[in-house]
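*Asks:* Work from the hints to combine the two standalone chains into their complex.
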Amino acid sequence: MTRVAVVTGAAAGIGRAIARRLAAAGDTIVAVDIAPGVHDTADRLRETGAVAVRADLTEAVGLEAVRDAIRGIDGHLGVLVNCAGITRDARIVNMAAEDFEAVLAVNTGAAYQLTRLLVPDMVTGSAIVNISSRAYLGNFGQFNYSMSKGALVGMTRALALDLAPGIRVNAVAPGLIGTEMVMTIPEEIRDRMIAAIPAGRMGTPEEIAEVAAWLASPASSYVTGTVLIAGGGRSLTR
Amino acid sequence: MPLRVPEHLVKAFRDAGVTAEATVFAASDGLGDEWEETVAELRAAFQVTQAALQRGSPVVYVVAGDDLLGRRGPGRAMVACGLLSAARTAAVEGARAGVPVNTLAVEADTPPATVAAWVARLLEPGGPTGELVRLGTAHLGKALP
Chain D
1 MTRVAVVTGA AAGIGRAIAR RLAAAGDTIV AVDIAPGVHD TADRLRETGA
51 VAVRADLTEA VGLEAVRDAI RGIDGHLGVL VNCAGITRDA RIVNMAAEDF
101 EAVLAVNTGA AYQLTRLLVP DMVTGSAIVN ISSRAYLGNF GQFNYSMSKG
151 ALVGMTRALA LDLAPGIRVN AVAPGLIGTE MVMTIPEEIR DRMIAAIPAG
201 RMGTPEEIAE VAAWLASPAS SYVTGTVLIA GGGRSLTR
Chain R
1001 MPLRVPEHLV KAFRDAGVTA EATVFAASDG LGDEWEETVA ELRAAFQVTQ
1051 AALQRGSPVV YVVAGDDLLG RRGPGRAMVA CGLLSAARTA AVEGARAGVP
1101 VNTLAVEADT PPATVAAWVA RLLEPGGPTG ELVRLGTAHL GKALP
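Read top to bottom, the protein sequences are chains D and R. So the first sequence is numbered by my numbering: it starts at 1 and just counts up by one. So the second sequence is numbered by my numbering: it starts at 1001 and just counts up by one.
FYI, nobody ran anything at the bench for these hints, they're computed from the structure. Among these hints, one or two may not hold up.
Quick look at which bits of chain R chain D covers, simulated, 3 or more residues with Cβ under 8 Å [to be verified]:
| id | segment |
| --- | --- |
| 1 | 1028-1039 |
| 2 | 1057-1070 |
| 3 | 1089-1096 |
Note that the Cβ used here is the ideal one computed from N, Cα and C, for glycine as well.
Extracted from the complex, chain R is given alone in its bound form (with noise of 0.2 Å):
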């Protein structure tokens, strides 16, 4: 299943015209800091991730951005991390095949609408690849992941 994002986005994404031969990523919101659940959520990425780009299909992973800071405790942090930097390698390999791959980085109160617009501009092909984009303000003045 390329789309794993939560319930609650489904419909904006629908809405967005983000298609379900698209590949959206968005890191579980539930995890603890236990070393199992961290690498499952990595291995599902990285199955889903794999699938795609066999086929060619543009992929964008969604992660939190206070996670990309390490603010809600390792296991958070190493899967949004993690996602990054994958994203940035699948771009790397992506990018003779004109498939973009890209990271969003969100706020808890991030609007669906708007979560959905980003992925959408974010799987257009010719667009740009290997990206973060952070919505929200809480990364402003902070390090650069």
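Excised from the complex, chain D in its bound form (with noise of 0.2 Å):
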């Protein structure tokens, strides 16, 4: 029977080039996003089985979606990957309250209510892996996102604890990486950014997906409620 595994934020970036990977290797994808780009995810992998469900996984309605879509396939839920994310930068002092509020909501609440759902239809030996961010260390600009990276940390930590040793949980905090949303920064900015990466260069998506992956598979067996950093030394630079 076919390992099912759930992709939130895959019609882009780093969530859809974990996507792809998982399909690559053996998992029908079902590919979940608020943006139509994840019908193009899901499309690309057709020959895999994969399916797109596009959907707010800030309402019920749109998690409901997302367990209907498991359903509908013949095979047995394996993986999830919470990676569904968005920022709305600001420094704390200028911070609108609806900015709070959206940034919490998708990079937090949807996940872990998401994995609420999911959980009871996992099999043992199920992995989930929340992509945070290397930001959850502390970054300018960015109480909410930060706050909101920092708390599925938390929640990786919790739910290892709660559903070993039959799941296991952990978490990539991804660095600088080359996604559409990074690339919208100006370049100036960007360069100053990587000059303090001693890997010299932004990550890749697939790069990430790599670190998901592995985290997804039976040959990390061994690993639970863990955070690994994959951003190229910079947590170690001033």
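*Replies:* So, in structure tokens, the structure goes:
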């Protein structure tokens, strides 16, 4: 029976790369996103049986649409990757309440609610991978984002304890990754950010997908409750 | 109200010289695992922290050490770890103006006077910022949050 992998935020960037990577390893993908590009992600993986769910995961109906899609597949739910995320950056002194709410709702609330909904359908040996961010260590102008990704780390640790030994729960904390979102940052600022990365470059979505795929695979069977920082060494420099 | 701490800590804070102008936010110990409770707590922290940094006031978050490691359920863990990350970012933003933002992790049996003394220390201008201080011994040999 095929292993089903749910990947949220799959319309672009890291989520799309994870969906492709897991499909290449033989998983049947349920690609989820609020953006229409999720259909393109699934279409390109159609021969592997991938399906798209265009849904707002901050709404109950969106969460249930994901569960319904899984139940329509002849397979067992073995992987959940919570990757959907947004940014609404500002210094905290200027941060609008609605920007705080939006980021917490998508980045943490949706991940938590979807996980709670799907865990009863997950089989022993399953893996949950939460895509946090290196910003959980602190990042200027991202009070809401940093808090949301830190909360995701907390959720990872608590669920790792609650769901052991049947389900492993881990997090990845990517650094500066060359996603569509990051490429909108002015080049001059990006260059300054890159200068602080020992690896000397941005990461690629595919590199994060490799980390997520490893955490989702039996190769990491003794790993749970951890946060794997994939940031090219950025957490070490000034 | 900048000082949001349990009733049993108020006198100890006063004795330690923690003034009403200081911003201390203690994560509620009565939280469950519903998302609405979690986000309400994080929202409250956002509001008091924003007000504090707007007036240049230092901030200390007080959390349970167990919650940083997820030992008491996801609701409390999301709040504790969310606050820790938020404190680190607020510290980055407050650094230029010399406004410290720190996190204190305590255990259930940490004496109020000890909590208050550490809070007072972490509120001091020119002191550490962006730091996590973990009291007690339950964290020894365990993960770094």
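*Asks:* Each hint needs a verdict: does it hold in this structure or not?
*Replies:* Hints, verified against the model:
1. 1028-1039: holds (count 3)
2. 1057-1070: holds (count 4)
3. 1089-1096: Per the Cβ count (5), the hint holds.
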